[in-house]
Amino acid sequence: MNDKPEKFIDENGLRLDGRQIDEIRPMTIKIGVLSRADGSCYMEWGNNKILVAVYGPRELHPRRLQKSDSALIRYRYNMAAFSVEDRIRPGPSRRSTEISKVSREAFEPVVMTNLYPSAVIDVFAEVLQADAGTRTAAINAASIALADAGIPMKSLVAACAVGKVDGKLVLDLNKPEDNYGQADLPIAMTQDGEITLLQMDGNLTQEEFKQALEMCKKGCLQILEMQKEALKGKFGEDAAIEVPEDIDEEIDIEVMVECDIGESEDEDLEEADVSGESGEDEDSEDTEAEEEDHEVIEEEFVDLVEEETADEEEITEGSEIREQ
Amino acid sequence: MKRRLLREVRSVSNEVMSVLKRDYIYNLMLKGKRTDGRSFDQVRDSEVKTNVIDKAEGSAWVKLGETEVLVGVKLQAGSPFPDSKGEGVIITSLELNPIASPDFEAGPPRENAIEMARVTDRGVRESGAIDLSKLCITEGEEVWIVFIDIHVLNNAGNIQDASSMGAIAALLTTTIPAERAGKGEDTPLPVKDMPLSVTVINIGGSLMVDPGLDEETVCDTKITVISNQDGSISGMQKSGDGALTDEQLLKAVEMACEKAAQLREVHLSNIRD
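If you read the sequences in order, they're chains A and B.
Taking the UniProt record's numbering, the leading residue of the first sequence gets 1, the next gets one more, and so forth.
Taking the UniProt record's numbering, the leading residue of the second sequence gets 1, the next gets one more, and so forth.
Bear in mind the hints are in silico, worked out from the structure with no lab data behind them.
Among the hints, a few may not be true.
Claimed, not checked - Quick list of in silico lysine to aspartate or glutamate cross-link-like pairs, EDC-like style, CA-CA up to 16 Å:
id	chain 1	residue 1	chain 2	residue 2
1	A	Lys210	B	Asp241
2	A	Lys67	B	Asp83
3	A	Lys168	A	Glu207
4	A	Lys154	B	Asp241
5	A	Lys7	A	Asp166
6	A	Lys4	B	Glu111
7	A	Lys101	B	Glu142
8	B	Lys183	B	Asp230
9	A	Lys210	B	Asp246
10	B	Lys85	B	Asp41
11	B	Lys251	A	Glu108
12	A	Lys168	A	Asp3
13	B	Lys49	B	Asp273
14	B	Lys85	A	Asp3
15	A	Lys7	A	Asp17
16	B	Lys251	A	Glu207
17	A	Lys101	B	Asp220
18	A	Lys101	B	Asp241
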């Protein structure tokens with residue numbers, strides 16, 4: 001059972017899976033994979049397979065949970081029983097409850113819930129296959145699914161983890177690094193570098209923590225770039241619809257409010273399967289921060305939001321589920 | 001029907017209160033003050049009593065401001081996890097009992113309680129405070145299982161830090177009940193470190209340590225940092241609906257480590273003497 005590798009980093013500075021210490025695992029993103037959901041995203045990140053659906057904004061029952069001045073966000077992180085080596089008992093566990101809570105809080109600062117009083121925005125993240133870094137992968141996918149659902153957000157959220165193995169900080173832990181590493185620090189942030197999720201366990205000095213934060217930031221920026229690319233890939237044509245450049249934000253918001261409140265969302269009582277929980281998560285990412293794209297990201301993102309609200313048809317977009 | 005109406009009325013009035021409180025606390029903050037007159041980096045007065053429950057293998061009662069928490073540690077022989085056959089097991093649970101606050105309801109732990117239990121657990125576990133390898137009775141068959149049960153008695157804010165302090169204080173007083181179980185002689189639980197959590201909140205861009213109940217209710221973001229004797233960090237958790245900048249985060253970590261060192265000196269360093 002104890003298959004701890006002797007060394008995590010070889011003499012060439014490469015990790016067990018051949019990555020550099022500051023390199024993230026390959027990520028593939030598919031958008032709009034579920035026809036019933038208002039927004040969805042399937043993500044593979046390393047060996048993680050994550051499916052996220054967003055339903056809403058829709059009416060919230062029971063009504064006593066409704067918030068008169070904003071929408072409620074519900075986030076359900078759930079692992080399939082077969083997603084890990086040893087089957088886990090389906091259903092919420094203490095671990096998945098905690099992850100659901102902190103993940104929801106990772107989105108609270110960005111989702112413009114004030115536009116949908118009394119409504120609920122449901123995010124269901126299903127981990128189909130887990131291989132270290134599921135919570136960050138789920139957040140990355142959820143961010144895209146929310147955009148796919150046309151829900152106004154101030155920023156996308158990107159997440160990855162930094163860990164420590166052999167006394168060295170590494171980005172985006174793989175399974176052995178996660179299992180036997182000395183520290184694990186998952187972080188989610190917005191395009192402005194505001195931290196919306198942070199957890200840590202293991203052992204880090206304050207100095208190491210500072211470096212880890214820096215490293216994570218670069219990873220998140222890279223992921224943000226991929227998220228944007230993926231969204232542009234799907235909504236690129238729509239993006240061609242001209243949006244006057246001088247539109248001011250206030251006006252945008254009003255437009256959104258009208259559109260979105262006007263249409264009542266279909267409510268599918270979808271009850272995702274229950275599953276248990278599992279091992280670990282972390283994620284990470286790689287280096288090269290391209291500083292210049294901060295602004296670009298912002299603009300593009302605003303564009304996306306506008307586009308989405310502009311043509312409502314997207315809301316029930318979706319294509320075949322299984323391409324994997 | 002009547003009951004439901006009452007409930008609605010009550011919840012509305014709470015919301016109004018919290019808006020008023022939010023303004024009040026925010027305005028005080030702008031003047032550099034807090035509701036109870038503390039400075040931003042001042043922890044409430046605290047008190048720790050150990051060995052308060054004879055039946056438990058270790059126990060501690062912690063009072064942090066008006067927040068009161070009782071932690072009991074029990075040990076039982078049981079089977080190890082298949083992936084760590086030679087190591088003891090730690091199980092931490094925390095209950096937000098209805099006795100502690102009008103807002104708490106009976107029933108299984110919900111996400112807040114689970115989160116706090118897990119963060120406390122993380123501190124104890126990841127710091128290596130308990131030498132789990134010494135809790136093995138027969139490898140692969142029998143090990144000591146350490147149950148850390150946290151009973152919240154009064155919630156006046158920052159249950160997290162009170163729990164963390166109570167947990168490690170109780171562990172420091174714990175004896176392994178080997179005689180009772182017919183496994184040799186009683187020995188003190190091998191405790192190697194003293195992890196302590198300190199929670200910092202962000203209100204309108206200002207960081208304050210050890211939030212009182214109103215501050216905790218009103219704040220956007222809480223960050224809990226668990227640090228060890230050598231100043232290293234063994235756990236962290238951001239909680240709440242807000243976000244933090246790098247600078248705020250680094251400042252919070254520094255603040256928390258410093259406060260933890262002080263609290264450790266005052267309350268924990270003499271427990272084992």
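Evaluated hints:
no.	hint	result
1	A:Lys210 - B:Asp241	violated, 23 Å
2	A:Lys67 - B:Asp83	violated, 45 Å
3	A:Lys168 - A:Glu207	holds, 12 Å
4	A:Lys154 - B:Asp241	holds, 14 Å
5	A:Lys7 - A:Asp166	holds, 7 Å
6	A:Lys4 - B:Glu111	violated, 33 Å
7	A:Lys101 - B:Glu142	violated, 35 Å
8	B:Lys183 - B:Asp230	violated, 34 Å
9	A:Lys210 - B:Asp246	holds, 9 Å
10	B:Lys85 - B:Asp41	violated, 44 Å
11	B:Lys251 - A:Glu108	violated, 23 Å
12	A:Lys168 - A:Asp3	violated, 20 Å
13	B:Lys49 - B:Asp273	holds, 14 Å
14	B:Lys85 - A:Asp3	holds, 14 Å
15	A:Lys7 - A:Asp17	holds, 12 Å
16	B:Lys251 - A:Glu207	holds, 12 Å
17	A:Lys101 - B:Asp220	holds, 14 Å
18	A:Lys101 - B:Asp241	holds, 10 Å
The structure fails hints 1, 2, 6, 7, 8, 10, 11, 12 (numbered hints given earlier, in ascending order).
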